[in-house]
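Chemist: Residues per chain, in single letters:
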Amino acid sequence: MYSCIKSASVYGLEAILVEVETDVSDGLPDFNMSGLLSSEVKEAKERIKVAIKNSNFKLLPQRVVVNISPADIRKDGTGFDLPIALGLLAANNLITNESLGEYFCIGELGLDGSIKGVKGILPCVLMAQKAGIKNVIIPKANKEEALIVEDINVITVSNLKECVNIINGKLEPSSLNFDSLDTFSKSPIIEEKDIKTPDFSDVRGQNSAKRATMIAVAGMHNIMYMGPPGSGKTMLASRIPYIMPDMTKEERLEVTKIESVAGILKEGSGLVKKRPFRNPYHNITLNALMGGGAFAKPGEITLASKGVLFLDEITEFNSNVIESLRSPIEDRKVKVTRLNYSYDYPADFMLVAAMNPCKCGYYPDRTRCKCREVDIRRYIGKISNPIWDRFDICIKTNEIKFKDIAYETETDENVLSNKKMKEMILRARKAQLERFKDTNINFNSQMNSEMVKKYCQLKDREKELMERFYEKKHLTARAYTRILKTARTIADLEGEKDINWSHISESFSYRRVNE
Amino acid sequence: MENLSEITKGFYWYWINSIPGVGLVKIHKLLEYFGNPKRVFFAKKSDYLNIEKISENDAKAIEESKEVGYILKDYIKLRKSDMKFSYPGKEDYPKQLLDIENYPVNLYYYGRLPDFNKPIVSIVGARGCTDYGRRIAYEFAKSFAANGIQVISGMALGIDYYGQKGAISAGGYSLGVLGTGADVCYPRNNLELYLHLKEHGGILSEYKPNTPAIPGHFPERNRIISALSDAVIVVEARNKSGSKITVDWALEQGKDVFVVPGRISDPLSVGCLELLNEGANPILRPEDIYQCDLISTKSNKNQALSSEISPQNEQFRHNLNKLPIASQKNMVYSELDLYPCALDDLVTKTGLPLSIVVENLLELELEGLVEETTKNCYVRVQI
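Going line by line, the protein sequences match chains A and B. If you count the first sequence from 1, position 254 lands on 389 in my numbering, and the numbers rise without skipping. If you count the second sequence from 1, position 185 lands on 1238 in my numbering, and the numbers rise without skipping.
So that you can see chain B by itself, here it is in the shape it has in the complex (with noise of 0.2 Å):
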């Protein structure tokens, strides 16, 4: 249990928050002048007119601010509710923040932070995402979770869903870092897994309680799902990308950055393939997230999770072993990958008649190596 005096000191911390008008760039002056925010607090109002970026207004707005009821009972509302809060210097605020230049000055989340000695990546991509995308991001994180690596992602839809998704699926640990307040869960679709996370893995927000989806918030998050991980990966991206944003913080924070390559054609690929170009790693099969040093030093330490290759990659090579070569269901699967393939077109590039090719996708569907993804549209289910 917190003392007195901690409480005390979240509460400044909470109060600099809290002041209409002054962001965090000015926050951070403010902290830089007067060393932390109790000092702040009892700062004459002539003194904050001395920093640079201060206003007449924002000095008036930090003197009113003091006077107000409301911070003081929104914090201590705060305090009784289950959402945990957090601020620099407090035991459980990760250090990795305090890198960041802008980093957030008060945290709120539920369930637990990640362990930091264990390995961490963050799963980013598109929202509107592919079946391949889909997949990979679904079957990588899998493949993670299973071998003790953290997958932490921004709970949106599409890759960062199914990362999350996937990292779950494998008993896993998973945080979300929201764009809202830690207690709105946004999207709406996203309930089950906002649920899931809040008992069982982690939310986290920068952002008050209630505060709703702005855009601005949602690359502003980006930093902070780059500083909490060890290595970035990057499914699907669109040109003009969120994720993006989410490398260059993590380039700028020195991370690790890996990028699944795509089809030069898909428009969903062409972010991918410029970062490929400008020079991040391809990831090709979730092994390949040991050449990032972070990740391999910290899988050591715990030998006890790790092996080379996760148990389902395994079964799926053993089962992939076991069908029968040139067998009418070799050649169905044969001409299935990632991308939805459908039935006509399967009829064609078989040559086999179309019960036969159905009763076969039916079959490998019954084994599990087959998906219809949507009406008369298949996809392998393995990578």
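In isolation and in its complexed conformation, chain A is listed as follows (with noise of 0.2 Å):
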């Protein structure tokens, strides 16, 4: 007897659609498996042969052949299971229901029938409706992930037993209420009630690092922090994440995605709805920055997308680590090839670093710093040029006063706290969105030099000033144009039409350090 059913395999960020079928016969007893699969998916037989049996069902020797088609993509990952193992019972007259090759279905096997969650259900999903099916099954701990997706039956289920049943016609699937409904999804809103959202008025001090932040955060430029050890450098990281703007669907869903293929989606999330932070440490391997792997995974900077990658201590990590974030940047994408495919794996975040201005980290303290001159200079010679030139903001933090935390030296009017700098971040970003309406980019800190010499124009006078200082300080072009649009930022968030000076003094003074 033969049976078909479909199920799917996740590539990259996208699912492709496969089909399993299975045929049983007469001969020596025999389970062969064919379809160019990876040893998970082989091992699948061991599993699916005492689930069958644990779940009560009585099979005979005989001959099973499964075949994964199409037979020329790799396929890997635990999903496979539940389709080769509903396969095998059609295929012995176990489940009668007719239709059964219009079902899709993904899902991992434990040994007592139970069925388990697996990754990368939501693109695998999302591919089952674009391709017209209507029914998927699922393992119930991928619930609110599939439900995301509309227009289309999601049937949930928990074991083997239950899963036929549900087939057959003999069991109603589970209800899939919900009390709240998210605005975006049929799935919950997870209430974070408890935790408090991190706010920028924790943080003491620091007028300049936090007015820096915004500006960088309105443009979507690179931010450099800069300070002795304790300054609150990665407390300033951690909270950009809250003062963006919302995301969007889209981008909620391209972050589901990734998280959903990555593995790291928390059970019962549903749609994500927080931007990602991620602060890999520095003894980061290039492979898992990058992405990739023998089987490719979405690297750190896939994860961060839409989000902030914080590399704290970034004179720590390793040259080359540091080095291959260069193109990421410019494309915002990471293209992962490996000899039988080539994946290219979103990596639109904002980069955000922290360092030491030297060794001991308190330069130019000189009361506590003796670090020699060369190894300052050697120390921030670490970063190259090049990476230097993608961070277009640059701030020093400084050390924390005692009357700073031990008073409240600042009143609530003119701190700076999250919803002051979201407001301001959205007129930026609203500014911008009309600005570049037209073109391809979203933010200022994505304009080529023509953008610039479009969108930047400066007055005379400012065009004078500019012209003193480019000379005195022997100004790069790169620099010039790296000047002119973080001006563009500041003038953006003071709801300027024009640049002018104060706006790019401003910005000189966060430019990169010894340029």
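Quick caveat, the hints were computed from the structure, so don't treat them as lab data. Treat the hints with care, as some may be off.
Cut-off 20 Å, straight-line C-alpha distance, at most; resulting in silico cross-link-like pairs (EDC-like, lysine to aspartate or glutamate) [unchecked claim]:
#, chain 1, residue 1, chain 2, residue 2
1, A, K538, B, D1398
2, A, K536, B, D1319
3, B, K1098, B, E1116
4, A, K180, A, E154
5, A, K594, B, E1416
6, B, K1143, B, E1109
7, B, K1402, A, E534
8, B, K1402, A, D500
9, A, K193, A, E154
10, A, K607, B, D1398
11, A, K607, B, E1416
12, A, K598, B, E1420
13, B, K1293, B, E1327
14, A, K607, B, E1420
15, A, K598, B, E1418
16, A, K536, B, D1168
17, B, K1382, A, E597
18, A, K608, B, E1416
19, A, K536, B, D1398
20, A, K494, A, D483
21, A, K608, B, E1418
22, A, K608, B, D1398
23, B, K1402, A, D539
24, A, K505, B, E1116
25, A, K494, B, D1184
Grab the two chains, each in its own frame, and use the hints to assemble them into the complex.
Modeler: Below you can see the structure in the form of structure tokens.
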């Protein structure tokens, strides 16, 4: 007897529809699987046999052939357990539903017949919906993820017996209603009431750094914090996702997809709401950052997409790891190429880095810093020029003074809080949206030199001052564009149409070290 | 051009400094006994043993060194190179050095030695200096050079470097006294300064060519620095500092010592303040150097070069007076000194909004009055 059921395999961030064909016939008992399968798929046969036995189905000794087509694409993952098991049962006439071929299913089997959650459900269900499939069977653990997709009948199952009964029409699928529904999907809103959102008003002092952060977020400029140990660099960086504008539906879908494929989606979270904040340690390898490995997986830069990639102590990272960021920062995506395939992962992140000004961290406070000048230059030189060039904003964080910790030195009105910063950022984003509506970019930081010429026009006085500074500081053309781009964002933040001298001078103060 | 007898004479001086195991102290003992190196060369082994501190081994080493060919070969190579060689009694050998107890018996140099008819000061200080010290060393040296005062130092990192750079920037003469061979640039980072001094100033060493950096040599060469100068200026020094060695030499040699005062809490000023406590002269302005009699008399000899205040200082004072009182720019400027001040602190001190402070800082920077020493830390350029 022959049976066929649909399933999917994940490639990059997209899924491909596959068909699981099963045939049983008389002959010497055997279990053969074909279709360019990875070892975890091949191992499925033992799991399936035991799971079927433990679910009280009786199978006779027989010759089984399973083929997953298209047979020329490599398949991996544990999601084929369920379709193979169902196919086997159908081929033995234990599933009576004639239209099994119309079902789409995915899931991992336990030896006791239970069905476990798998990675990458969201892209699979999205693909199934596009392919016009009506019913999808998925593990109960992946419920919220699958429910993000609209116009498709999601059946969640927790064990093989239940699954077979539902298909055979002996059991009604469990109800999928929720009390409260998210704006964008049928999945529930997860309330995180217990956790207080980190707020910029918690950061003591550091007014210039806070303002620089706001400018960076407004124009999606990459930012570098430089300061002594314990001056709040990490604190500032970790608050950045909270002042970024809320994600649109498309952005949320993309982030959820990435997290689903990477298998880091929290159970029951549905569409991801919080912007990602990834802070890999400096022991990270090239593949872990960029994505890849023998079976390519998204790397940190992809996981940080639409959010923040924070490299704390950037000088301690392997230099080849840091250098590899150059192209993804420009392209906003990363290409992972292996012998048999090539994936494009998104890498649309804001790069935030932190470093000390010298090895001991206290320069220029010479009462504590005994580093030699050469060593200081060498320390800063650990970051190559091309990488420095990608930081539009570089700001010093200062040591926190006792009065900042001990007393409430700032009144509520003039302290920058998340709310206030977000408002200003939204204003700047709106101006940028208007400016770039006919182009393929969204933010000031993405402008090329022609756009800078077009959108960052200076008046005579500013031009003259800029020229003086250009000559005096021996600026490069690259630095000049960078300063103008940042000045444009500052003007947008202030709600001004033209760039004036105060915007430029502020932008100057954010230029990088030794420029 | 030297005649042959002088070249031969030089060889004996070169030889006596090349005997393995016989250092400067023993050389001076030998010279004391025999009078000159030629006589040492032709003396018998038994004669050497009459001298205290010369052991059996030393005498053997002296005998052997007469036989080996490499010393002569090295000497010929040295004379063929563009490195100049001098020894006591030679025309270009500075007489001041002979006052040192164990004066150097060989001198190797590039460029020219300072003009001893004109005033000479040495500027010494910490290698890991602050921006304050750096600025003072630079500006003082610049002002000295503009007034025809020659600046010598050890070409080390920090104060030495900025002192010599300052002198060069005003087109003055500067001499670097090295603790390595004169053909070795140590530290490597000062290559630019080294090459400049080699061409337009002077590089001097008592050590043989190719001598690498050996810790013991650096305090030793300080005695040459102090001996060559009319006055020693200490800009910044930690509690235990090589600069204090230079000062000790200077006092022994009867030179005037000037010290730039610092803050009492600053570790880099502890050495300076102690020196002041012990009676050194404070130097508050470049002009204060004329308190040294030797320098003021020498300066008077060269009337044409001397003026009370350097043109740079004049220019600066003029600029300062031009700043309108109580303008925002002045508010920002008045909060700055030679110690780096962070941007946030400036905002707090002036009470002005960040954008105004930044704007004024940039303008001050454009006018050359303020400098950003490191990320968002600002200092005054002028003292």
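Chemist: Look at each hint and say if it fits the structure.
Modeler: Against the structure, the hints:
Our distance criterion of 20 Å between C-alpha atoms is met by K538/A and D1398/B, whose separation comes to about 13 Å. Between K536/A and D1319/B the alpha-carbon distance is near 19 Å, which keeps this suggested pair within the 20 Å criterion. A distance of roughly 7 Å separates the Cα atoms of K1098/B and E1116/B; the hinted pair therefore holds under the 20 Å criterion. The hinted pair formed by K180/A and E154/A meets the criterion: a straight-line CA distance of about 17 Å does not exceed 20 Å.
Taken as a hint, the K594/A and E1416/B pair is honoured in the structure, with Cα atoms around 17 Å apart against an allowance of 20 Å. The hinted pair formed by K1143/B and E1109/B fails the criterion: a straight-line CA distance of about 32 Å is larger than 20 Å. For the proposed pair K1402/B and E534/A, the alpha carbon gap of about 16 Å is at most 20 Å, so the pair holds. For the given pair, K1402/B sits about 18 Å from D500/A by alpha-carbon distance, which is consistent with the 20 Å threshold.
In summary, the hint linking K193/A to E154/A is not supported, as the alpha carbons are separated by about 25 Å, beyond the 20 Å threshold. As the CA atoms of K607/A and D1398/B are separated by approximately 26 Å, the hinted pair breaks the 20 Å bound. Simply put, K607/A and E1416/B have alpha-carbon atoms about 12 Å apart, close enough for the 20 Å limit, and the pair holds. Restraint check for K598/A and E1420/B: the C-alpha separation of about 17 Å stays at or below 20 Å, so the hint holds.
The straight-line distance between the Cα atoms of K1293/B and E1327/B is roughly 11 Å, inside the 20 Å bound, and the hint therefore holds. With a CA separation close to 10 Å, the supplied pair K607/A and E1420/B stays within the 20 Å bound. A threshold of 20 Å between alpha carbons decides the hint, and for K598/A with E1418/B the separation of about 17 Å falls inside it, so the pair holds. The straight-line distance between the Cα atoms of K536/A and D1168/B is roughly 53 Å, outside the 20 Å bound, and the hint therefore fails.
Only pairs whose Cα atoms come within 20 Å are accepted, and K1382/B paired with E597/A is accepted, the gap being roughly 18 Å. Using a Cα cut-off of 20 Å, the hinted pair K608/A and E1416/B holds, with the two alpha carbons roughly 13 Å apart. For a cut-off of 20 Å, the pair hint linking K536/A to D1398/B stands: about 10 Å separates their Cα positions. About 32 Å separates the Cα atoms of K494/A and D483/A, which puts this hinted pair outside 20 Å; it is violated.
For a cut-off of 20 Å, the pair hint linking K608/A to E1418/B stands: about 10 Å separates their Cα positions. With a C-alpha separation of about 24 Å, the suggested pairing of K608/A with D1398/B is violated against the 20 Å cut-off. Restraint check for K1402/B and D539/A: satisfied, since their Cα atoms lie roughly 15 Å apart, inside the 20 Å limit. For the suggested pair K505/A and E1116/B, the alpha carbons sit about 49 Å apart, so the restraint of at most 20 Å is broken.
Between K494/A and D1184/B, the direct Cα distance comes to roughly 18 Å. Compliance with the 20 Å bound is thereby established for this hinted pair.
The structure fails to meet hints 6, 9, 10, 16, 20, 22 and 24 from the earlier list, while all remaining hints are met.
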